[in-house]
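Enquirer: Residue numbers (the numbering used here), protein chains in the order written: chain A, 1 to 342; chain B, 1 to 184.
Check each hint, because a few of them may be wrong.
Stated by the list, open to error - Derived pair list, reagent style BS3-like, types lysine-lysine, alpha-carbon separation capped at 25 Å: (1) A/Lys328 to B/Lys86; (2) A/Lys4 to A/Lys109; (3) B/Lys86 to B/Lys8; (4) B/Lys8 to A/Lys328.
Said to hold, decoys possible - To be clear about the criterion: a stretch of chain A counts as covered by chain B if any three or more of its residues have a C-beta under 8 Å from a C-beta of chain B, and this derived list gives those stretches: (5) 236-247; (6) 251-260; (7) 327-335.
I should point out that these hints are in silico values taken from the structure, not numbers from a laboratory. The model shown is predicted, which means the values in this text are computed figures rather than measured ones. Where a beta carbon is used, it is the ideal one built from N, C-alpha and C, also for glycine.
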Amino acid sequence: MTTKIMVTANALPASERLLLSMFILLMALESDTQFEFVNDPNAPIVFLDLQLAADQTWLANWQARGGFTNQVPICCGPVRQAALITLARPFQLAQLREALTAGRDQLPKARLIQASNQPRTVAPHRLLERTVQLIGESEKFLDWRQIVGFDDLPIVLFAREQKAYAMPSAKYLSPWSRLALALVADLRLERAEPPPGTVTDAVSYSFLKWQMAMSLSHGMLLSDIANCQIFSLSYWPDISALGGNPAHLRISALLMRRPCTLKQIVMATTLTPENVIAFINGCYLIGCLAAAKSAEKTPAEVILTTPKISSQRLSSSTNKGFLGMLGKLRAALNFGQRDISA
Amino acid sequence: VNTRREIKIIITGTMGSGKTTAIAAVSDAPPVSTEATNTDLARHTKATTTVAMDYGEVLLADGDRLRLYGTPGQGRFNFMWEILGKGALGVVILVDLSRPDPVADMGEYLTDFANVIRAGSAVIGAGREHPSVTTTVLAKAAAQMGFAVPVFSVDVRRREDVLLLLEALFSQIEMAAVTDEGIE
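Next comes chain A alone, as it looks inside the complex (with noise of 0.2 Å):
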């Protein structure tokens, strides 16, 4: 049986909230108690900072009536006091889960919200979905500036500019995908600055979204998409400006032709159905993703079979009309060195 708990922490900096709100959203995964990031002071449990004055009148409120208030403080460091339960500075998050833990543990049972009776797994494609969840979570601190640190790859995200820079030293390592593995599995954020002269390269969130759901989507549509059947574009993803590739061209003239199933571009594009699949995740991160219609709305039977798009005459007017002509031009610009292969 899962439970659920809220948490707050009304008092402390964005940034802080931000950090405890990412890592209460990865022990969401991984754990039986579902704790929640609220902006509610009456939630059971709340972060204090003992060096804020909000934050000491809160618990010498709390202390005077001897605790009996539903709620549990946890405080954050340097600050410690006896018998309350410390999560100290910086953060790390098997720390945090330990003295949520504790809090809950603390907690009377009517504090205790029964949240779900389900099995909890994880899809590999759940990493995509949940390292956008924690960039999304980023933008709504406009003042957060953290070094998202991780191996010999540092990045930097800087919200107010809604850029990630990558340090020189990362440039070569493919860093996006390792950058949300690293941001899902282990997250460290270190107040920071970068050394002077080190960050170079300044992409934008979207960027930063595509190149995810290009790593990341492992042939599965987002949950939020997975039951549709027909997808359309309502403009044309910038390909140059998101590090896409040439090939995505022929999906998104597809798609803003007409409205097609999966099948229907693969068939089309003759590319992976993996590759279509990351193509549409890509959109839908970036909002370009117009109609996506789910299949009891939708008549996909009578779509599917329609003629207007068969392999049968894709092949034949690739042998006779404009397409054959378009693949030799293509072979001769070197087109196809840059393609993704079908």
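For this one, chain A is given, so just place chain B on it according to the hints.
Expert: Showing chain B alone in chain A's frame:
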């Protein structure tokens, strides 16, 4: 019987947006240019400018060819645009984001080449930088004008970027044929 096929592409845009450079980036041979001394230094400081057209081509082994025509950038030569646009399957519009109003520049060319765009294909290549106008802004502005065309950030001195623009046109032509809604 002449069975050789041709695809004609127009490359247009304001003076100094890189039309001649873009053609030179992919043409088999140095492009044929009709350059004259630039007497409109108020609009752009470059020494020469195209007054009739630029021409480049990619010739295939079987005689098929891609013809690339660059239009004059100055508005007073816009009578050439209609002439050059005849028979074209696609238009590349180069927008110089360092100019004061790149959205209006783009709109002018979309309007002037509307017939070619509606019958064929189009792509916008946005070069340089503007403090507020991004490719997304251009794409939305074009869509509001009824042209759902792709807009890409490009540096036309890079062959790869010019190829991206051409591939965007080819993809539109190809998908129009595949979906049986346009070019056969």
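Enquirer: Each hint needs a verdict: does it hold in this structure or not?
Expert: The hints, checked one at a time:
no.: 1; hint: A/Lys328 to B/Lys86; in the structure: holds, 24 Å
no.: 2; hint: A/Lys4 to A/Lys109; in the structure: holds, 11 Å
no.: 3; hint: B/Lys86 to B/Lys8; in the structure: holds, 9 Å
no.: 4; hint: B/Lys8 to A/Lys328; in the structure: holds, 15 Å
no.: 5; hint: 236-247; in the structure: holds (count 6)
no.: 6; hint: 251-260; in the structure: holds (count 6)
no.: 7; hint: 327-335; in the structure: holds (count 7)
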